[in-house]
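Student: Here's the letter readout for the chains.
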Amino acid sequence: DGGITQSPKYLFRKEGQNVTLSCEQNLNHDAMYWYRQDPGQGLRLIYYSQIVNDFQKGDIAEGYSVSREKKESFPLTVTSAQKNPTAFYLCASSTRGGSTDTQYFGPGTRLTVL
Amino acid sequence: GIQVEQSPPDLILQEGANSTLRCNFSDSVNNLQWFHQNPWGQLINLFYIPSGTKQNGRLSATTVATERYSLLYISSSQTTDSGVYFCAVGERDGNNRKLIWGLGTSLAVNP
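Sequences listed follow chains A and B, in order.
Residue numbers for the first sequence follow this note's numbering, beginning at 1 and rising by one.
Residue numbers for the second sequence follow this note's numbering, beginning at 1001 and rising by one.
Calculated from the structure, these hints are not laboratory results.
Keep in mind that the hints are not guaranteed to be accurate.
Which residues of chain A face chain B? A few of them, derived with a C-beta cut under 8 Å, are [what the hints assert, rightly or not]:
| # | residue |
| --- | --- |
| 1 | 43 |
| 2 | 48 |
| 3 | 88 |
| 4 | 103 |
| 5 | 104 |
Each pair of labels, with its calculated beta carbon distance range [said to hold, decoys possible]:
| # | chain 1 | residue 1 | chain 2 | residue 2 | range |
| --- | --- | --- | --- | --- | --- |
| 6 | A | 15 | B | 1017 | 45 to 55 Å |
| 7 | B | 1053 | A | 5 | 31 to 41 Å |
| 8 | B | 1054 | A | 95 | 27 to 37 Å |
| 9 | A | 8 | B | 1066 | 40 to 50 Å |
| 10 | B | 1108 | A | 114 | 23 to 33 Å |
Think of the CB as a built atom: it goes at the ideal place given N, C-alpha and C, for glycine as much as any other residue.
Let the hints inform the model, and build the full structure from the sequences given.
Tutor: Printed below as a string of C-alpha cells:
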C-alpha cells in the first residue's frame, strides 16, 4: 500500500545527544516536509524539500538538520543545539506542481528528552 | 505574513448533532486545506478547497475567498469525529507548498 512511514514511533533521548528521525514515502511525491507539534498547538514547519538534493528552512529550523539524497527519504536530525526538542514530529509529502498540493502525513514520532 | 484563525477553539457535541467550524485568513490564498487529527495524532486531509464548496459524506466545506473565510460542516456527528480539526493555507504570492496552519478546533463528540 502507498503511504508515508515514520520511525520510531516513540524516541527517548538524553540531553546532549543527536537523534535522527526517519521518514519514507512510496507515493512518488516530489515534495516532503517536517513539522513540529507541541501540546495544544498547531503545526510549525521545520524544513521542506521540493526535489532531491534540495531543501529549505522553515520557520523553526534552528537546531535541526535534514538531507534529501533519495526521493523516497527525508530524515530529520534533532541536534544537541535544539534547546527544547521534546515534541511530536510529523512528516508529510505532496505532489509537485500545480495548485493541488494536498499534503499527506505519516503517523508521527514522539520525542522525549530525559 | 498571513494569519490563520480558527473558531471555536473547543467544541463539545452530543452524538447526532451538527456543527460548523470556521477558518479566517488575513490575505489572499491559493491553497486551503482542512485536516482532521485523531486522538492518536494521525493527520488526515479532508478537503483541498481554495474556493467553492465540496462535500464528502457527512462532511462539507465552503471557502469564500473574496471574504477570506472557510467553513467546515459536520452533520450527524459520530464519536469517531472527535479530534482536532486544522485549517491550513498557502499564500497566493508565496511558495505554493508552504502551508500556514491555524491552532485548530478541538472537537469532542459524546455518545
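Student: All hints are to be evaluated individually against the structure, with a verdict given for each.
Tutor: Verification of the supplied hints:
1. With a cut of 8 Å, the hint placing residue 43/A at the interface with chain B holds, because the nearest CB-to-CB distance is about 5 Å.
2. With a least beta-carbon distance of about 7 Å to chain B, the hint placing residue 48/A at the interface is held under the 8 Å criterion.
3. With its C-beta approaching chain B no nearer than about 6 Å, residue 88/A sits inside the 8 Å limit, and its interface hint holds.
4. Of the supplied interface hints, the one on residue 103/A holds, with its beta-carbon coming within about 6 Å of a beta-carbon of chain B, less than 8 Å.
5. Restraint check, residue 104/A versus chain B: the minimum CB separation of about 7 Å is within 8 Å; hint holds.
6. The given range of 45 to 55 Å is respected by residue 15/A and residue 1017/B, whose C-beta atoms sit roughly 47 Å from each other.
7. Roughly 34 Å separates the CB atoms of residue 1053/B and residue 5/A, a value that falls within the hinted 31 to 41 Å.
8. The hinted window of 27 to 37 Å between residue 1054/B and residue 95/A is violated, with their beta carbons roughly 19 Å apart.
9. Judged by the Cβ atoms, the range 40 to 50 Å given for residue 8/A and residue 1066/B holds: they are separated by roughly 46 Å.
10. Our hint of 23 to 33 Å for residue 1108/B and residue 114/A holds, since their Cβ atoms are close to 32 Å apart.
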